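A.B. asks: Build the full structure now, drawing on both the sequences and the hints.
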Amino acid sequence: MIDVVARRRSNPSPLRYPGGKASLADFFETVIDSLGLDKPTYVEPYAGGAGAGLDLLYRGVVSRIVINDLDKSIYAVWASMLNETDAFLERLESTPLTVDEWKRQREVYRARDDNRIEPLDLGFATFYLNRTNRSGVLRGGIIGGLEQSGTYTMDARFNRDGLRARIERLAEYRSKVLISHQDGVVRLRHWLPKENVFAYVDPPYFAKGSFLYLNSFNNRQHEDLATLLNAKADANWVLTYDLAEEIKALYRARTTQHFSLHYSAHRREVASELMVISNTVASAFKAVD
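Taken in order, the sequence shown gives residues 92 to 380; the numbers are from our numbering.
No lab work stands behind these hints, which were simulated from the structure alone.
This structure is a prediction, so every number in the text was calculated from the model and none was measured.
Where is the CB? At the ideal position from N, CA and C, for every residue including glycine.
Taking lysine to aspartate or glutamate pairs in the EDC-like style, the calculated list, with each CA pair at most 16 Å apart, reads:
1. 194 with 246
2. 163 with 209
3. 194 with 212
4. 339 with 314
Across the chosen pairs, the derived CB separations fall in these ranges:
5. 348 with 130: 23 to 29 Å
6. 209 with 273: 17 to 23 Å
7. 150 with 348: 20 to 26 Å
C.D. replies: This is the structure we're talking about:
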């Protein structure tokens, strides 16, 4: 039995994510120690907010992190925060928090497939919506509604000083943060065979993926990921999913565990999820029991 403890702590990521796993950072540190890895490269092929990876990097548990996201708009956020930090921070300070501005930023985001849009424009628009939409869902509605008559309004998660501090800290570590915009399976094929690597795989959910993620998976994509991870059962990886019998069947040969996580996507609740671990991770835990 694996004791999965998800501890709530301050999330170092500038992004909000439904089901974000920043609270698993302490558990991942235990996994890394059990594996005997020495400041490994931490890989998130479906990074989103990358809260756990940033926590581990800032505390010196890992030497660098790989942030990959196939979603062009999420990649643009990371790229602009890391590569155009000053310009991004200027927009953070000067962009008004109004419904009209929200609508303008939403139009930029909706035109994300237009290659004429500058990465900074797309990145900031995505960030703006992430911080002002309910639960950070990019295609969701604005906090407080268009009339801004709710209990909370659109500025509830847009603390400029706090966000500036997070982005500035991220920029200080830019030499240790590798960003990419590829299919997650492609990134895993590249990184899993390497020495001193730990991968945390958190793909789009099986049941509600189409609501929460722009790049949701179809059944074939879930199967392709399972084929790769089952073939790399001797690598250092941990996988999390929503509870679904179809997913359990794909990983029936691996060690699995249910765990609970507190998060909100429209309401605060305790969610039970599925964790799957590689044979190598399972063996490491048995060795220290």
